[in-house]
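This is what each chain is made of:
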Amino acid sequence: MKQFKWAIDWMGKYKIRLVIAMALNIIGVFLMTMEPYIFSDIVDNILMPQRFERLLPMLGLTLLVGLAFSACRYFTNILAQQASENAVMRLKGALFRKLMTLTVDYYRENKAGDIINKCTGDIEVINHVLCFVIPKIAEFVLMLTVAIIVFMRISWQYTLILLCVTPFTALAANKLGKKLHPAFKKVRKQLSNLNAVVAENIAGNRVVKAFVREDYEMKKFSEENLAFKDRNVDAAMIWLRYGPILDSLASLITVINLTVGSILVIKGAITLGQLTLFLTFAWTLNEPLLMLGMLINDIQRFHASMEKVQELYYMDVNITDPEEDKSPETVNGRLDLEHVTLEYGSVKALDDVTMHIAPGQTVGIMGATGSGKTTIVNVIDRFADVSSGSVMIDGVDVRSWSLKKLRQSVAVTMQDVFLFSDTVESNIAYGVPETDMENVLSAATVADADEFISANPDKYDMIVGERGTGLSGGQKQRVSLARAIAKRAPVLILDDTTSAVDMDTEKYIQKQLAAMPRKSTTIIIAQRVSSIMHADRIYIMDKGRIIEEGSHRELMQKKGYYYKICMLQNGLSEEGGED
Amino acid sequence: MARNKYNIDEELDAPFNWPQFKRSLVYVKKYRKQIAAMFALAILASVLALFSPRIQALIIDDMIPGGTDYITKIILLGAGYFLINIANVFINRRKGVISVTTSQKMTADMRTDVYAHLQKLGFDYYDSRPHGKILTRVINYVNNVSDFLTNGLVNAILAMLSLVIILIFMLSLSPKMTLVVLAGLPFFILYVILTKPMQRRYRQKAANKQSNVTAYLSENINGAKVTQAFAREDMNSGIFDSLLNENRIYKLKAAYVAHGMYPIAAMLMRVVKCAIYVAAVYFFRDDFIKDGVVQIGAITAMVSYSNQFWAPIMQIGNIYNQLMDAMSYLERIFQVLDEPVSVDDKEGAQELPTIKGDVRFNNVLFEYEKGIPVIKNVSFSVKAGESIALVGPTGAGKSTIVNLISRFYNVTGGTVTIDGHDLQGVTLESLRRQMGVMQQDTFIFSGTVMDNIRYGRLDATDEECINAAKAVHADDFIKDMENGYETETKQRGEGLSAGQRQLISFARTLLSDPRILILDEATSCVDTNTERLVQEGISALLKGRTSFIVAHRLSTIRNCDRIFYVNGGVIAEEGSHDELMAKKGLYYNLYTSQIREFMSEGA
Chain A
76 MKQFKWAIDW MGKYKIRLVI AMALNIIGVF LMTMEPYIFS DIVDNILMPQ RFERLLPMLG
136 LTLLVGLAFS ACRYFTNILA QQASENAVMR LKGALFRKLM TLTVDYYREN KAGDIINKCT
196 GDIEVINHVL CFVIPKIAEF VLMLTVAIIV FMRISWQYTL ILLCVTPFTA LAANKLGKKL
256 HPAFKKVRKQ LSNLNAVVAE NIAGNRVVKA FVREDYEMKK FSEENLAFKD RNVDAAMIWL
316 RYGPILDSLA SLITVINLTV GSILVIKGAI TLGQLTLFLT FAWTLNEPLL MLGMLINDIQ
376 RFHASMEKVQ ELYYMDVNIT DPEEDKSPET VNGRLDLEHV TLEYGSVKAL DDVTMHIAPG
436 QTVGIMGATG SGKTTIVNVI DRFADVSSGS VMIDGVDVRS WSLKKLRQSV AVTMQDVFLF
496 SDTVESNIAY GVPETDMENV LSAATVADAD EFISANPDKY DMIVGERGTG LSGGQKQRVS
556 LARAIAKRAP VLILDDTTSA VDMDTEKYIQ KQLAAMPRKS TTIIIAQRVS SIMHADRIYI
616 MDKGRIIEEG SHRELMQKKG YYYKICMLQN GLSEEGGED
Chain B
351 MARNKYNIDE ELDAPFNWPQ FKRSLVYVKK YRKQIAAMFA LAILASVLAL FSPRIQALII
411 DDMIPGGTDY ITKIILLGAG YFLINIANVF INRRKGVISV TTSQKMTADM RTDVYAHLQK
471 LGFDYYDSRP HGKILTRVIN YVNNVSDFLT NGLVNAILAM LSLVIILIFM LSLSPKMTLV
531 VLAGLPFFIL YVILTKPMQR RYRQKAANKQ SNVTAYLSEN INGAKVTQAF AREDMNSGIF
591 DSLLNENRIY KLKAAYVAHG MYPIAAMLMR VVKCAIYVAA VYFFRDDFIK DGVVQIGAIT
651 AMVSYSNQFW APIMQIGNIY NQLMDAMSYL ERIFQVLDEP VSVDDKEGAQ ELPTIKGDVR
711 FNNVLFEYEK GIPVIKNVSF SVKAGESIAL VGPTGAGKST IVNLISRFYN VTGGTVTIDG
771 HDLQGVTLES LRRQMGVMQQ DTFIFSGTVM DNIRYGRLDA TDEECINAAK AVHADDFIKD
831 MENGYETETK QRGEGLSAGQ RQLISFARTL LSDPRILILD EATSCVDTNT ERLVQEGISA
891 LLKGRTSFIV AHRLSTIRNC DRIFYVNGGV IAEEGSHDEL MAKKGLYYNL YTSQIREFMS
951 EGA
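Heads up: the sequence lines are chains A and B, in that order.
Quick note: the first sequence uses the numbering used here, first residue 76, plus one each step.
Quick note: the second sequence uses the numbering used here, first residue 351, plus one each step.
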């Protein structure tokens, strides 16, 4: 019940349409019951006595009633669907907004295909319940009430005999619901698995082809595909097992009606006319009972989907806005990390990291694979919150900044370049959608992307594939860099941004960055010495700790890790000079 | 190639046509036995159902007037009535079982076909449309059609059959009155014909908009971190809202037309009913008023036939709505199945025998888009066992050259040969099985670290997998992970650093024991120290294998036998490190500028 209310609440101001739809539905039911009366009147009072002058007006009345009924039916459907589509649209929008607040942790644990399903397939199930099942239930409740009232007024004893069947119906219906619920949960789960396998296959198509694993993938898919089929059949079989019981019980009512009714007529307890009335109204009793199984089916499916939707909607967000935004009016870009530690379980991703970066300074970070370089980016831009210590921009802890302000003030290029399937222009202007073309062009020029973009016939209107497919690794990185530069943010973080870019281009980009009018505080994370050697200060990380720091010159003199890497990369022996 | 993005509808030119529909019957034909059984059961149920009103009439008209003597007979008849109903319930159950299993099997068949075809499609297909759109076709669209193909078809045939039977009954009773009943039909057909283009347009639009919604959603899930980093949440939510709204508008438009079908039919049915009375009283008086007595029986019979005639018509109208819906999905499914396979085995393709490793490019020309050559008449010859480094500016064509060796794309001109076999003439399976390709975008599957390495050779033992990991120096960090090799990997390797993902992919590639190894930026995110250890680790493994290495870090390149400097789609320079240094050309500049700068900065 709670779940129904929750779903209906999403209709918002359209809720009134559902109410009107239900009202029209009730009127429709009444109009429908009027028809037999009118026609029996025509037969008994017009045709039999041959008083044809009343025929046309009566037929006119029939048509009017019919028209009204058709209109009721039509608008019931339309209004209910409008209300329901509105609810569904708002709910989908709300889930999308929720998804935008969830952090990397959520996306790590939940497969994309599964999340998509919550926002599409599951919601369609809810849609069906809102626009079809709920009005139907209302209609049936009404029909049953009308039937019981009519029957009671004729003979309450007789009605009680008929109602003897209902406890059995209720029992069977309850059992069906209980059995269906877990079955639909399994269907739902298997759909997730199927979705995940297909989504992964599509995303990994390059690897699949490179390793000629089409057959293997086919096998993996077939397992899930067949299991999905089986789970669906399982659920249907439950309903096919209980459906006949419900149907038989419903037909029992008709039989009782007919036999007991006839006997009562013979005994003189009721009149023949009353029996005909019973039989005429039998469908108002039968129809709801015959449809009961189907409705239970839909409702159980609804509950299974609703659980998934609500789970997402009420998911805890672990990174949220502060109660009060303490960010400064204008941001200078001073960046301080004070004894920052970040623990994932027992593993310290960052261990007592301290860095002080003055506005406009450039800092380089280097270190082994998995040493925590990217984690530093994450704690600055609040993709993860520190376990202890603090990260401050302009002296204010980033956790006291509004997320929006913080992320507008920090521009990041991520190691995994993700471009959207959109034009290059929209991709570069991603962080500043209102910006002018001039800014896009100048950002692309700084990132040395202008040349290859302009070489394409569509220029800046060229559409890139999802994740940037169709561009080379270096091109993707440069578009991603341009996207970060276009933000003109006081803090700029380049995480492995030029690893796929050749050195000449890299040098050009470095010059362009240095020549930018308002220099951002810049952090460059890289494996290549050439990327960071010009930085004001270089930090070397290992296992979450800073193990060396200083300028290029200082670190070279120190002859530690950095020195060794420099020698290696330039093909020089550690004693200096070419080997 | 024309790429598609989230807010561009993938328009379909093919109009609704019967060939399209007939094509879907391929799936039906496979289950014709089941469909026939469903049909037979449905007819049986209809015949049985005819008895119920007869029994009811018998009791009311004949038994009740007979008084108390007939009570036992009434009970017996009642029992008979109940038995018939029960029989019907079980016939319907049987039909339901067949229908469910058949439609589910059909769904599975169709999905398998779509998926199998997707496996054959090349990079170009995946690169030119959002992945969410492909996913929707495999999952949602297929789910939507199977019920129509089983129940919808059976019910449609059944409805038509009952139409014919009732028509015969009506004609036998009164041909004139039959015409009155039929007079309503043209109006209904007119409504269907007039609304068909609208129905179709709206449903197609709705399906397109739906696919846009899924595409945008899917992309935003995958790029959520970027969106957050660029504080674009509000704007994207707004875009998503407008996509949802477009979808809603067309769904509702389609509904406005579709929901009209039933009321219109019901209304026509009533008009016809009234017309029967009017006709009986005013026009066909002679037939229906005999000897001054109105033939009530004949009139009511005609009315009830008319009702029975219109019931299947309404049902057909309903099925027609479903058909329109199903067609908008079926078209999309067939569109995938019709997608030409760009890279496929040629007719009479031969198995490529075990590769020695001689690779030759003869005047190779390659264009992604017509008229824009990416590789311009490149020729080179690499001997078995040689290691080749490809260097040069981004976008120069390095990745394209190595992609042509695995025939991920077909050359536009010229030939690529391995051991003298033209790649166009060999089977893809035999070629790619012997190649080890590590592409720029590493991809980690969900599963365990071990599963991911084993992907390179499915029958490899744990030990072999671990040895491969050791060779690329991934063993250390893998062992440090929570469950070592059995640590679960999340989709796309979330939670692993980029360098770690590269090392796992590298181990996977090595495990496949390739004759030709292609490393496209295999270690670009790996630190130099580890990279050196990797180089040492794999040097023994690389002996005797031809390898192509695309890289920017000089330390990676230096030790290769030969270096190709690729620029603007041609090989501008080639030779060993020493030769190219002596030449003092492009490579020399690239190399020395770095060293020079580095020396001047410090040390």
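No lab work stands behind these hints, which were simulated from the structure alone.
By construction, the Cβ of each residue, glycine as well, lies at the ideal position given by its N, Cα and C atoms.
It is possible that some hints are incorrect.
[Unchecked claim] With a Cα cut of at most 27 Å, we get these calculated DSS-like pairs of lysine-lysine:
#: 1; chain 1: B; residue 1: 372; chain 2: B; residue 2: 383
#: 2; chain 1: A; residue 1: 594; chain 2: B; residue 2: 575
#: 3; chain 1: B; residue 1: 380; chain 2: A; residue 2: 294
#: 4; chain 1: B; residue 1: 423; chain 2: A; residue 2: 479
#: 5; chain 1: B; residue 1: 696; chain 2: A; residue 2: 294
#: 6; chain 1: A; residue 1: 261; chain 2: A; residue 2: 80
#: 7; chain 1: B; residue 1: 840; chain 2: A; residue 2: 264
#: 8; chain 1: A; residue 1: 618; chain 2: B; residue 2: 575
#: 9; chain 1: A; residue 1: 594; chain 2: A; residue 2: 618
#: 10; chain 1: B; residue 1: 470; chain 2: B; residue 2: 829
#: 11; chain 1: A; residue 1: 423; chain 2: B; residue 2: 380
#: 12; chain 1: A; residue 1: 77; chain 2: A; residue 2: 294
#: 13; chain 1: A; residue 1: 173; chain 2: B; residue 2: 726
#: 14; chain 1: B; residue 1: 372; chain 2: A; residue 2: 423
#: 15; chain 1: A; residue 1: 423; chain 2: B; residue 2: 575
#: 16; chain 1: A; residue 1: 77; chain 2: A; residue 2: 261
#: 17; chain 1: B; residue 1: 575; chain 2: A; residue 2: 294
#: 18; chain 1: B; residue 1: 840; chain 2: A; residue 2: 295
#: 19; chain 1: A; residue 1: 88; chain 2: B; residue 2: 829
#: 20; chain 1: A; residue 1: 534; chain 2: B; residue 2: 726
#: 21; chain 1: A; residue 1: 480; chain 2: B; residue 2: 575
#: 22; chain 1: B; residue 1: 696; chain 2: B; residue 2: 706
#: 23; chain 1: A; residue 1: 173; chain 2: A; residue 2: 401
#: 24; chain 1: B; residue 1: 840; chain 2: A; residue 2: 261
#: 25; chain 1: A; residue 1: 264; chain 2: A; residue 2: 250
#: 26; chain 1: B; residue 1: 603; chain 2: A; residue 2: 211
#: 27; chain 1: B; residue 1: 840; chain 2: A; residue 2: 260
#: 28; chain 1: B; residue 1: 603; chain 2: A; residue 2: 295
#: 29; chain 1: A; residue 1: 211; chain 2: A; residue 2: 173
#: 30; chain 1: B; residue 1: 893; chain 2: A; residue 2: 342
#: 31; chain 1: A; residue 1: 261; chain 2: B; residue 2: 603
#: 32; chain 1: A; residue 1: 342; chain 2: A; residue 2: 401
#: 33; chain 1: A; residue 1: 90; chain 2: B; residue 2: 706
#: 34; chain 1: A; residue 1: 80; chain 2: A; residue 2: 254
#: 35; chain 1: A; residue 1: 534; chain 2: A; residue 2: 480
#: 36; chain 1: A; residue 1: 264; chain 2: B; residue 2: 820
#: 37; chain 1: B; residue 1: 470; chain 2: A; residue 2: 295
[What the hints assert, rightly or not] Derived list of chain B stretches under chain A, where covered just means 3 residues or more per stretch with a C-beta under 8 Å from a C-beta of chain A:
#: 38; segment: 371–379
#: 39; segment: 727–739
We went through each hint and held it up to the structure:
no., hint, verdict
1, B:372 to B:383, "holds, 18 Å"
2, A:594 to B:575, "holds, 25 Å"
3, B:380 to A:294, "holds, 22 Å"
4, B:423 to A:479, "violated, 83 Å"
5, B:696 to A:294, "holds, 25 Å"
6, A:261 to A:80, "holds, 25 Å"
7, B:840 to A:264, "holds, 18 Å"
8, A:618 to B:575, "holds, 24 Å"
9, A:594 to A:618, "violated, 31 Å"
10, B:470 to B:829, "violated, 37 Å"
11, A:423 to B:380, "violated, 59 Å"
12, A:77 to A:294, "violated, 42 Å"
13, A:173 to B:726, "violated, 49 Å"
14, B:372 to A:423, "violated, 63 Å"
15, A:423 to B:575, "holds, 22 Å"
16, A:77 to A:261, "holds, 22 Å"
17, B:575 to A:294, "violated, 33 Å"
18, B:840 to A:295, "holds, 17 Å"
19, A:88 to B:829, "violated, 58 Å"
20, A:534 to B:726, "holds, 22 Å"
21, A:480 to B:575, "holds, 16 Å"
22, B:696 to B:706, "holds, 23 Å"
23, A:173 to A:401, "holds, 24 Å"
24, B:840 to A:261, "holds, 22 Å"
25, A:264 to A:250, "holds, 22 Å"
26, B:603 to A:211, "holds, 22 Å"
27, B:840 to A:260, "holds, 23 Å"
28, B:603 to A:295, "violated, 40 Å"
29, A:211 to A:173, "violated, 32 Å"
30, B:893 to A:342, "violated, 105 Å"
31, A:261 to B:603, "violated, 35 Å"
32, A:342 to A:401, "violated, 89 Å"
33, A:90 to B:706, "violated, 73 Å"
34, A:80 to A:254, "holds, 24 Å"
35, A:534 to A:480, "violated, 32 Å"
36, A:264 to B:820, "violated, 37 Å"
37, B:470 to A:295, "holds, 16 Å"
38, 371–379, "violated (count 0)"
39, 727–739, "violated (count 0)"
The earlier numbered hints that this structure contradicts are 4, 9, 10, 11, 12, 13, 14, 17, 19, 28, 29, 30, 31, 32, 33, 35, 36, 38 and 39.
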